[in-house]
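Following the hints, complete the assembly by docking chain B onto the known chain A.
As given, the protein sequences belong to chains A and B, one line each in that order.
Per the working numbering, the first sequence starts with residue 1, numbered consecutively.
Per the working numbering, the second sequence starts with residue 1001, numbered consecutively.
None of these hints come from the bench; they were simulated from the model.
Keep in mind that a hint or two might mislead.
[Unchecked claim] Derived lysine-lysine pairs resembling DSBU-like cross-links, with alpha carbons at most 30 Å apart: (1) K1230/B to K1323/B; (2) K1305/B to K82/A; (3) K68/A to K1022/B; (4) K1269/B to K1230/B; (5) K68/A to K1135/B; (6) K1305/B to K1316/B; (7) K82/A to K1135/B; (8) K1269/B to K1305/B; (9) K1103/B to K1269/B; (10) K1022/B to K1230/B; (11) K1269/B to K1323/B; (12) K1323/B to K1305/B.
This one's a predicted model, so the numbers in the text were calculated from it and none came from an experiment.
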Amino acid sequence: MMLPEFAGFFENAAQQRLAFPYCRRCANFHWYPMPRCPQCRSRDIIWRSIEGRGELVSFSHVMHAFDKSRSDALPYVVALVKFADAPGVNLITNIDAPAMDTLQVGDSVVPVFRTDDGEQPMVEFRLA
Amino acid sequence: MLGRHIAIVGVGETRPVRRSDKGLRGLVVEAVEAALADAGLEPGDIDGVVSDGLIMPSTVPRDWVAAQFGFGRSYDGGMSYGGAATACSPIHAQLAISSGMAKTLVYYFGVDWGTRASGPYGFHDLYAGKMAFEKPYGFTGQPQYFALWARRYMHEYGLTERDLATIAVTQRESALLNPLSQATQPLTYEDYFASRMISSPLRVPDCCLLTDGACAFVMTSLERARDLAKPPVRVLGAGFGSEPISGDDVFTQPAGMMRIPGARIATGKALQQAGITLADIDFAEVYDCFTISCLLQLEDIGFCKRGEGAAFIREKGIGLGGKLPVNTHGGLLSHSYLLGVEHVIEAVRQLRGEAGRGQVAGAEIGLVGGLSNPDYGVMILGRDVR
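Bound conformation, chain A alone:
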């Protein structure tokens, strides 16, 4: 279910850029993408790229294959990341963290762009 307002994220990620919807009327970011700004309801929304460094809001080590196709990939880390230069955006991602026990809420992370042939670009993170 790919909606037209989602496309900008993937176009930017394919260029190794992290970008989020930004309302030009009220000067706020929002996430997920939607046709009208959730703060001021304007439709004047652009994609604005950010530096990329983020902070771990929360994370979880997933030990159960909710999706059977991932049973070989266990455990993996899902995380929620926020950005100082895009307040209001929380991004769900994976963290490539070899020593998983060391992760802490508040850790600094940087993006790792992954583009596999024929697949949507992915934005994962690693500890900064």
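Just chain B now, with coordinates in the frame of chain A:
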């Protein structure tokens, strides 16, 4: 007041099981039959049929149920979905009966998420944002959503794994006193810490069961209720609350997260209708899809302040002998996972004094809270004291 002239007069349920071969439609029919029998009513007495507004219409539609029983429908409705829909369902009875649209309504709900291949997870495929931006990262299941909240809550408020264990252990004790509970083995703290991690910090006992089953209940005016088979259980108040945020965003985007604002709104409306305060509540059946969500709702309903849920549970006690018994049948964690419709059945049994070994002594007023984030429903039920 409007809300105080409605009563629940019959309840019915199937035995909750991990897998049933009866089919969801068959289970719903069995639950509705049982609710009518409990009330001492015939199908011809029913003129309103109510369900949730999303899950039942796509699995066991109201017209189909009406056709099985021959219910003539002069009222038909469903608002919100899942747990919130069930807990606020007396609103339909209040509106339909006070406006003269119907006299006696049946509410039903059930799921076959124990047998269905995608289980509860497939439900979230309805959300476009989740599909595009979460599923590719393996963020696909409710345990993961609440795991992120639990981890963050631990960071901000010092919650410990043992605090979560207390909820699971306490509810298991109650479940063992209920003859229908799916969980039949005791759970100690040691068992908890030895159990499998699902999505850290949440373990198997932090997560609700998976169930095939259905429940139904019958609502009518208090005046009619007093002539029926069982002592009426009054609906003292019912409320619905939400906020304008979509299901895509509600688990990850709100500032601060870990809050269920609909709970406070819905509770406020129900309490106002009932003309009581939370101090008058003798027990609560709270939507415990996870240990952490149960704790957060105790805060957002208003039993304690933000960040004080764990201390409240430790100090007041939520077991059958505690200051506020919570999920007296074992809840979604240890009784069954029918998205809280079983909580209504349990609350009615408590108020009739039919809860057997799980009876809360002196139970006169109970609260049922149902969560379907961002929606929330509350009903406050009371013994018919004349």
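Right, here's what the structure says about each hint:
| no. | hint | verdict |
| --- | --- | --- |
| 1 | K1230/B to K1323/B | 28 Å, holds |
| 2 | K1305/B to K82/A | 26 Å, holds |
| 3 | K68/A to K1022/B | 26 Å, holds |
| 4 | K1269/B to K1230/B | 28 Å, holds |
| 5 | K68/A to K1135/B | 13 Å, holds |
| 6 | K1305/B to K1316/B | 14 Å, holds |
| 7 | K82/A to K1135/B | 19 Å, holds |
| 8 | K1269/B to K1305/B | 19 Å, holds |
| 9 | K1103/B to K1269/B | 24 Å, holds |
| 10 | K1022/B to K1230/B | 29 Å, holds |
| 11 | K1269/B to K1323/B | 24 Å, holds |
| 12 | K1323/B to K1305/B | 16 Å, holds |
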